[in-house]
Amino acid sequence: MRRSLVLDDAGDAGELLRPEHDAAERFARLGLDVDMASTSVVANLFRASGAARSNLERTVLAPEGLSFGAFTVLWVLWVWGETEFRHLAADAGVTKGTLTGVVTTLERRDLVTRRRHDGDRRLMTVASTSEGDAVMARLFPRFNDGERRIVSGLDEAEARQLAHLLRKVVRAVDGLDRNNGGLR
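Quick note: the sequence shown uses the numbering used here, first residue 1, plus one each step.
To be clear, the hints were calculated from the coordinates, so they are not data collected in a lab.
Just so we're clear, the structure is a prediction, and the values are computed from it rather than from any experiment.
Please note that a few of the clues may not be correct.
Stated by the list, open to error - Computed list of lysine to any residue pairs in SDA-like fashion (alpha-carbon distance at most 20 Å, straight line):
#1 K168 / E57
#2 K168 / A43
#3 K168 / R149
#4 K168 / E156
#5 K168 / D91
#6 K96 / A127
#7 K168 / D35
#8 K168 / E158
#9 K96 / R116
#10 K96 / F85
#11 K168 / S49
#12 K168 / A157
#13 K168 / R178
#14 K168 / W80
#15 K96 / T125
#16 K168 / N179
#17 K96 / T83
#18 K96 / R114
#19 K168 / F85
#20 K96 / D177
#21 K168 / L61
#22 K168 / V41
#23 K96 / W80
#24 K168 / N44
#25 K96 / R108
#26 K96 / R121
#27 K96 / P63
#28 K168 / V42
#29 K96 / R86
As the list claims (entries may be wrong) - Label-pair distances were calculated between CB atoms; the ranges are:
#30 G81 / V170: 34 to 42 Å
#31 S38 / G65: 34 to 42 Å
#32 A37 / A134: 16 to 24 Å
#33 D120 / S38: 37 to 45 Å
#34 A28 / H117: 27 to 35 Å
#35 H117 / A48: 18 to 26 Å
#36 A134 / K168: 33 to 41 Å
#37 R116 / A28: 55 to 63 Å
We put the beta carbon where it would ideally sit given N, CA and C, even for glycine.
Take the sequences, apply the hints, and build the full model.
Given below as structure tokens:
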């Protein structure tokens with residue numbers, strides 16, 4: 001069953017972002033049978049994620065000379081400790097190739113170290129240094145303040161509900177990934 005966003009539904013029309021409205025009109029003109037509710041959810045996830053990332057990079061991370069990717073790697077290591085390279089790439093949401101560059105940059109700044117795994121010399125692990133941990137301890141409160149500002153348009157119940165709904169989306173995508181994207 002297709003779900004649609006009706007442009008004149010009470011409460012929705014004034015809330016649609018311009019790209020949603022324009023896309024819905026375009027799909028209608030083309031006669032496409034599109035699940036507009038799903039399109040809007042995913043498009044707004046991308047929009048919100050990009051806007052939040054850009055804001056945090058500009059206001060919090062750039063003054064520290066960190067990219068969002070570098071911050072994410074430091075955060076993963078700060079929270080979970082020394083991590084095998086391939087798992088760090090997955091946890092940070094980057095490719096192993098991208099992670100190589102990020103780790104090299106962080107290593108030059110003495111924020112992380114990498115070493116061969118003791119049990120299997122083919123494997124590489126990465127760990128935060130004491131300086132990396134100190135950067136995170138100093139930086140994360142400012143980062144969290146930025147997160148708070150980003151969601152300041154939501155009350156506490158709305159923020160909790162949004163977090164709950166986003167977790168459901170993440171779990172659904174994880175399930176699709178385990179099942180070859182939902183394709184059979």
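Exercise. Within a Cα-Cα threshold of 20 Å, do K168 and V42 meet the stated pairing?
Worked result: 13 Å, holds
Exercise. Regarding the pair K96 and R108, is the alpha-carbon distance no greater than 20 Å?
Worked result: OK: K96 and R108 at ~18 Å, within 20 Å.
Problem set entry | Distance restraint between K168 and R149, which requires alpha-carbon spacing of 20 Å or less | 24 Å, violated
Problem set entry | Status of the given 34 to 42 Å range, CB of G65 versus CB of S38 | 39 Å, holds
Exercise. Is K96 within 20 Å of R116, Cα to Cα?
Worked result: 16 Å, holds
For this session: Measure nothing beyond the straight line between the CA atoms of K96 and R86; if it is 20 Å or shorter, mark the hint as holding.
Result: OK: K96 and R86 at ~6 Å, within 20 Å.
Problem set entry | Proposed proximity, F85 with K96 (alpha carbon, max 20 Å) | With Cα atoms ~8 Å apart, K96 and F85 stay inside 20 Å; holds.
For this session: Mind checking the alpha carbons of K168 and D91 for me, to see if they're no more than 20 Å apart?
Result: Holds: K168 and D91 sit about 18 Å apart, inside 20 Å.
Exercise. Given the proposed pairing of K168 with E156, does the C-alpha separation stay at or below 20 Å?
Worked result: Satisfied, since the Cα-Cα distance of roughly 19 Å is no more than 20 Å.
Exercise. Are the Cα positions of K168 and A43 separated by 20 Å at most?
Worked result: Roughly 17 Å between the alpha carbons, so the hint for K168 and A43 holds.
Exercise. For the pair supplied as a hint, K96 and A127, is the alpha-carbon distance within the 20 Å limit?
Worked result: 16 Å, holds
Exercise. Hey, K96 versus T125, does the alpha-carbon distance stay inside 20 Å?
Worked result: 12 Å, holds
Checked against the numbered hints above, the structure breaks hints 1, 3, 14, 19, 21, 27, 30, 32, 34 and 35 and satisfies the rest.
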